Amino acid sequence: MKHTAKPLSSIFVTLAGKKNNPVTNNHYYKIPLQMKSLIFLFLAFLSLNVNGQTADEILKKVDQNISSKNRIFESSMTIHGKRVNRTITSKTYSIGIKQSFTEYYSPARERGTKMLKLEDRLWIYSPSSDRTIQLSGQLLRQSLMGSDLSYEDMMEDRKLTELYIATVLGQEQLNGRKVYLLGLTAKVPNTAYHTIKMWIDSQRFVPLKEELFAKSGQLLKRIAFSNVKKVQGRWFPMSINFKDVLKHGHGTTFNITSIKFDQRIPAYIFTKASLKK
Amino acid sequence: MIKFIFKGVLRDKNRSLLPVIVVSIGVFLTILLSGWMKGIFSDMIDINANQTAGHVKIMTRSYAENQSQLPNDLALIGVDTLLLHLRKEYPEMDWVKRIEFGALLDVPDKKGETRAQGPAFGKAIDLISPQSAEVKRLNIRSSIVKGRIPNHGGEALISNEFAKQFNVNVGDKITLFGSTMTGGMMIQSFRVSGTLNFGSSVLDRGAVIIDIKDAQQALDMKDAASEILGYFKDGVYNDKAAKAVKKAFNTKYSSTNNPYSPEMFTLRDQDSLGQYLDMADHMSSIMVLILILAMSIVLWNAGLLGGLRRYGEFGIRLALGEGKGHIYQTLLYEAILIGLIGTVLGTILGLGASFYLQEYGLDFSSMMKNITMILPHVYRAKVTPELFYIGFFPGLLATTFGNAIAGIAIFRRQTARLFKELET
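Each protein sequence line maps, in turn, to chains H and E.
Quick note on the working numbering: the first sequence kicks off at 1 and runs consecutively.
Quick note on the working numbering: the second sequence kicks off at 1001 and runs consecutively.
Simulated from the structure, these hints should not be mistaken for laboratory data.
Treat the hints with care, since some could be wrong.
[Stated by the list, open to error] Simulated pairs of lysine to aspartate or glutamate, EDC-like, Cα-Cα distance not exceeding 20 Å:
no., chain 1, residue 1, chain 2, residue 2
1, H, K247, E, E1065
2, H, K272, H, D63
3, E, K1222, H, E110
4, H, K197, H, E210
5, H, K247, E, D1073
6, E, K1222, E, E1100
7, H, K243, E, D1073
8, H, K69, H, D120
9, H, K276, E, D1109
10, H, K82, E, D1073
11, E, K1222, E, D1073
12, H, K114, E, E1113
13, H, K82, E, E1113
14, H, K60, H, D244
15, H, K277, E, D1281
16, H, K272, E, D1220
17, H, K260, H, D63
18, H, K114, H, D130
19, H, K272, E, D1109
20, E, K1240, E, D1220
21, H, K91, H, E74
22, H, K276, E, E1113
23, H, K82, E, D1271
24, E, K1240, E, D1223
25, E, K1173, H, D130
26, H, K69, H, E210
27, E, K1110, H, E74
28, H, K82, E, D1109
29, E, K1111, H, E74
[Claimed, not checked] A few chain E positions that, by computed beta-carbon distances, are all more than 10 Å from chain H:
no., residue
30, G1008
31, T1114
32, G1147
33, K1164
34, T1175
35, F1177
36, T1180
37, M1185
38, I1187
39, Q1188
40, S1189
Remember, it's a predicted structure, so these values are computed and weren't measured experimentally.
Yeah, the Cβ is synthetic: ideal placement off N, Cα and C, and Gly gets one too.
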């Protein structure tokens, strides 16, 4: 007798389909209701628990590595355009998802440009025109400086466990490392991406690859994480490649040159006055 | 004989009045509708040519594929050299560079922070050079509602509707926020020198016009432009000449292997303008054909009625020995004469009405508030040399044709029974 391996998710689909199918209910094998419930719970437990770890536990470990009370990092972002590559260097201060401040150092044209994000509003200050432009709502999903990142992507650091319900879809090998494949579905409204497929290093608990989808199921972005280093006792990917699949071009590589977690950041940094300093 | 027929036509009003009125109305309608339709199509073609399409347009092959997205990262590079070549190789045309871009128009408060903002369609043209024909081409001077045309860099024209919506006055500062050609951030402030009505709903909702040099600086497009447009110096699109220029240019400069090589398109190649051109060309013929058919039916009827009324007259003439062919011939001469009189009257009336509509037009702005095409609000007729003679086709053909059919009855009369018929 041949057995064909099926992903756990397909088992859920089959079970759920038969439950609502009158033909199946009438003429297929009959399983007592309690037994059905037990099988369902067992399969659900299997899907949420790999090697003794539930999806939530895995995500929590990822959050422990990636998220922090606050962070200060310097970065260089290379946008691989169709015709030219452009590198932008900057320094960012952020506290959770609500407060973020970035100052751009290069290229010369962007030097001195500053961005401040407080809650769901963003201010951009341009020293050449001495203007502060405010962006909010859908405008925050626009491309940041022609890159494959949106303003939201750049300035958000919200814990995944707060935003998504996770399920373990399986285990795979990626770039020679064992990874958990997690499926994340948004549990709060207004998230930038409704579902995420995430490949998580099973030993260091950092994401190595992500695919971000819209509510319609349309793939929006692919993210590849690399150069994972230990910083202040946590694993962190220092190089991230973003590819907006809806955009022409060859993606954006975001390299973190230095990062510090849980620092003392003066409160004035996150005020509009600091934009013109 | 013509003098005799002419006197007959003038003295017997019953014979001539109705056909002359019918022919005059038909010719009047032919000329007026032809002129007006031609005017509408010409306006549409001209406004599209002047605003966006040019008589020919050069873009990179990649830009052309994504033109609706205004992808300035795919814009033409080395435009100054290319313009030099174009002016030397095709001196029969005016060549201009333009930049089109999307941006957020931000209006600051006293502290320099955002007071209001909205999406804007930006157009950059040569506003300032004294030799530039762009201001005239885009009809900017007569579209100004408040203020003036920019006379130095750093000034902008914005649509009057936009200015009213955001409470922006002449002299106020506005900022354009968008992306540079290389993807960088564009935050550039301008002083509003004037507001204008474009006469097209799309542009009136949110357009900004700045000088091309300002745009090149703001968008990091030094020696680059979204497109180069070519216009025939007489201002009239010539499809044959445009195709010849396109063929020569593309053979020399365009390469299918290079997505950034320039490629030329004629006005006919762009959007639905080819269909408009065809419709404009055929409009007079269509109108003439329709009216010839309609008028022929009416005049055939009029001829039949006239034939019945003149039954006795034809009978006497036949009885007196006049040949059937001769009577038929005089009937046709009469028809031609009536056609001529009606056509001249109709042409005078039609041309008068066309001249009036050419000058004042009909304003449809209240019906076009939600239309998102670049269309004019006032539709004018266009008086062309053709209008002076096209009325003669339906005027003469319809009367002659109508009377020729009606007059066939003459040949059916039996000469032997004439006196018996005349007695009754």
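Hint by hint, which ones does this structure get wrong, listed from lowest number up? Hint check: 2, 13, 14, 15, 16, 20, 23, 24, 26, 27, 28, 29, 31, 34, 35, 36, 37, 38, 39, 40 fail, others pass.
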